[in-house]
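Assemble the whole structure, with the sequences as input and the hints as a guide.
In the order they appear, the protein sequences are chains A and B. Residues in the first sequence are numbered consecutively from 37, following this note's numbering. Residues in the second sequence are numbered consecutively from 4, following this note's numbering.
By construction, these hints were calculated from the structure, which means they are not laboratory data. We put the CB at the ideal spot given by N, CA and C, even for glycine. Honestly, I wouldn't trust all of these hints.
Stated by the list, open to error - Examples of chain B residues lying across from chain A (beta carbon under 8 angstroms, computed):
1) 38
2) 132
3) 141
Given next are the chains, with one letter for each unit.
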Amino acid sequence: MSKFTKKKGGEVPAVNTASLPDIVFMLLFFFMVATVMRENSLKIQNQLPVADQIEKLDKKNPISYIYAGKPSRGYEKYGTEARLQLNDKFADINEIAAFINSERNSLREELVPFLTVSLKVDKDANMGIVGDIKQELRKVNALKINYTTGKGDALTNID
Amino acid sequence: MAKRAAPEVNAGSMADIAFLLLIFFLVTTTIEKDSGINRKLPPMEESEEDVIIKQKNIFTVLLNGKDQLLVEDELMEVKDLRKAAVEFLDNGGDGTCTYCKGLKDPRSSDNPDKAIISLKNERETSYAAYISVQNELVAAYNQLRNRRALEIGPQKGFKDMNFVEMQANYKDVRFGGNKSKLKEVIDQIKVEFPLKLSEVQ
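Encoded structure:
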């Protein structure tokens, strides 16, 4: 009755690692598809208007981002008017100067004149806040700005 | 002859190859860039003496708090703004502009170098409307510059390339042509159609 005798040497067989590359590939593809780089987490609504006469923002030059828009859900206590966001927190208009200076300090000196300020302003915001931002930027001599927009027909902005 | 089982391929190094690819893609992947309308703000120190500009050389664009557009004191739709701005810039009223194709109306701008577009908005103006107007004004300049680029480009060896493409090529590291020559052409067009857009605070 040798059929029913147990095999000798009940060692655990080695785990087959042939599928390991498949798993790595799967991860690779997942990250390739899903990666979205975001520097700040937004606390405001930020739906950019669209335009078609746009230029790409050169990543070779340093860029600082200024966000503005209505506080998004969960931040209603900050009001319903458009607010400013610098880095990760709400800010006042007069904090822009300090923000730009700290951005400049973190740069190599030769790159400072090339600092571009990208204004990411929600399309429902009004020009008051944008005008204030521009005025503050002029005070600290940060004159290169970019109205960051999406791509599309500009005439569809106004409805 | 006994049947021999096919030898198993050693798949141990497959993971290394996959990691190599992973690192390659990590390094070479460029994430979609932000894009938008570039602007230069005027510096803070303002010159004391006021420059006197003839009224006919100023193209006033006013965007009020209700997002209504007032161009040269007349109500206008945003979609007509581009054409109106092109007509104003391209007018060439004093006849010194040899490359203008405008109406040469003496009541409109003298030449593109003197023509200034003045954009005024109110605090209540919506940002979306402002961007639309900015976009149309930039489009007007680009339209004229593109036209000029197609005129003088072929003489300098840049055939069928409009101004926007020239600028893109100039920035592109992979562009094979003569970059210094391209820069000359771009600068010449920029001098011929200077972007003079002043914003009233």
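So, going through the hints one by one against the coordinates:
A cut of 8 angstroms between beta carbons decides the hint on residue 38(B): the least distance to chain A is about 4 angstroms, and the hint holds. At its closest, the beta carbon of residue 132(B) sits 5 angstroms from a beta carbon of chain A; the interface hint therefore holds under the 8 angstroms criterion. Using the Cβ-Cβ criterion of 8 angstroms, the hint placing residue 141(B) at the interface with chain A is satisfied: the shortest such distance is roughly 4 angstroms.
Of the numbered hints given earlier, the model fails none.
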